[in-house]
Amino acid sequence: MGHGELDEAEIVDHLMVLFDSAAKVSPGLWRRMSPPYEGLLKAVISHCSDECLRQELEALATGAHGIHRYMLEKAVAATGASTRLCGALEHVREACWVLPYRVPGPPPHPTKPIAEKPIAEKPIADQISDLHTRLAARPVRDAAVDLAFVINFRAVPAAPERLRNLLACLAGLDAQTVSRDRLRVVLVEQDAFPRHRELLADLVDTYLFADNAGTYNYAWGRNVGVRHGVREPQVCLLDADIVVPTDFAARVVEAFDRDVPGLVPHDSMVFLDSASSGAVVSALTDGAWNAGNLPSLSGYQLTEVYGGSMATTTEFYRRIGGQDERYEGWGDEDNEFYYHLRDHAPLRRLVGPIFHLDHPRPQTDADGKRINAGLLGQARYGDAEIGDLDRYRGAGR
Amino acid sequence: MLALMNPFSLYQSHVGGYSVDQLTPDSLSTVDALLDARRLTAILLIQADPTAVANHEATVRAFADRRRNGELTTIAGFGLDATGLLADATYWRRVTSLAPHGLRYAVLSVGACDELSESGVRSVLPATVLESGTDDWPHWVEVIEKGPAPVLTAPLRWPARVQPSVTGGLIEAARSEQVTACVSLDPATTDLARQADMIRLIGTDRVIVAPGPGQGIVGLVRELRCRRFTENEIESMISDVPRATLAATGADFLRPPPPRLPTALQRRLAQ
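So the protein lines, in turn, are chains E and X. According to this note's numbering, the first sequence is numbered sequentially starting from 1. According to this note's numbering, the second sequence is numbered sequentially starting from 1001.
Hints were generated in silico from the structure; no laboratory data involved. Hints are all accurate, no fakes.
Listing some non-contacts, in silico: residues in chain E with all C-beta distances to chain X over 12 angstroms:
#	residue
1	L135
2	T206
3	L297
4	R326
5	R393
Have a look at the derived ranges for each label pair, beta carbon to beta carbon:
#	chain 1	residue 1	chain 2	residue 2	range
6	X	A1193	E	L199	42 to 52 angstroms
7	E	E315	X	R1228	16 to 26 angstroms
8	E	F193	X	R1228	40 to 50 angstroms
9	X	R1228	E	A143	23 to 33 angstroms
10	E	V103	X	R1228	20 to 30 angstroms
11	E	Q55	X	A1193	39 to 49 angstroms
Beta carbons are placed, not taken as given, at the ideal position from N, Cα and C, and that holds for glycine.
With these hints in hand, go ahead and build the complete structure from the sequences.
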């Protein structure tokens, strides 16, 4: 079988995942992904020729003491070029949907260098200001629209990263190879009051306020956007903390055909760490965001996930009843929507990443269980109306 | 129906990684489950790794037992691409001694072939299977196609110049509806692009992919997506049994559908 050379640094990178809380961005996913990683650690322990190191690693595996990278480096070096170690690493690479992600970045651009100083050191408020300044220069539409985007969000002052991320998301759409004039952006703000209307309404084609002071309802927000804001035949539902590659819209438009009305437009979502998120913001602000000129990035790559972005024909979305609005809070609404789409028509998944910007994680588990897990598999209501703007009006106050 | 499968995928589902430990009772259960679920009548074993002689032997024994019990009615074949194995006459004698009476062989060697391996094969195999030893690949393929056992494999290390012939033979077999093809996966050697071409030509409803960890399923799925296969098509060809086995070990490749949805296998059997 095809074993590669033993890459010690890569094995250590993967071992470190076991001890990094950032890898657990999705607790449910991590519970299923951890066994192969644990298998890799066991393989290192069993092949480590240094008895002292082995004992330390065994204590480590039981959580008896903290982790130091140098310890893992020494242990991996002490295993020699073990075929089994390579096999365990291959197992992780193939079986795990959470993988360490690191892109070193290109050499400095000759005319427009990426900021050498990580933008993450800039206050979030400054990043917001920079992005907003850039977005304000958006040209006026004078072309037919190829694709509508629906983005829904809530950005409270306690989590300014949310607003920063939304602006970055919009800047990512500005940077598409498809002219911004050919895209329609529908923004749905779901909150107790239109907190950011003044700041954002002029940056998008349609701004909608969805009155909801209570628990955030992602599915409802998307339904509101499609029902009240989309007139185009194709719509892409995009999370407000996602920055897409510059060819994203073009590839989505190209991927539809008569028999395939639904798309998952990515096969991996890169959860960028805080510094890398700042670097992406910097690239967007500087007009340097494109696939060939990415800054140095690191984080975790989640594969085979359904969240982040979805695209359908608008007619299909409406015909199948949109997203299930019973899913309140964060969790499984995208999974349900994927299965719902797949039950009704062939889906296509495009190959390529999307980039998730860092922000404080919302609660997705309650008592060790996913909040909405109980709803998965339950039949939907028949012809329930979707996207009713009055659904939560006045509630939760 | 004839299934082409790589038994490695079944071992690895249980032991993880590239371990080639002895075939376990659990692995045999998985084989049985796969056989039962697919209502197969024959298995073609594809083996590629000369270090796996013990596994191969155990697998042969298991399938031979099933055939003696009347559960397998057709043939078993062995497509080997490991020069070391082909050259090992002792190994071949062990394999043939395990075979039940009347078991017919077809050998398609799809790897590095040299005089040593040729002589190894010829020393133990019936002349009716290999009419003449040669490293002329198209000729070998022709022999197989005309041979007593109409067995074809999804080759592992095929030289570029032979691919059209081998692929063409497999497609012909598929068109005759004798074959449900299982793509044998090896990330180090497999030509994923040609596998995807082959799947397109055969039709996704007659392809079963039985992957194991580290066997290139991620690469193949990616290739299929690049070629505009839908998720529905891809899921329908991923074998349910190995997937369920992998899920039990926490290493499922494709997320199992929610309970209300029948699995691809159940849907297919229900039709």
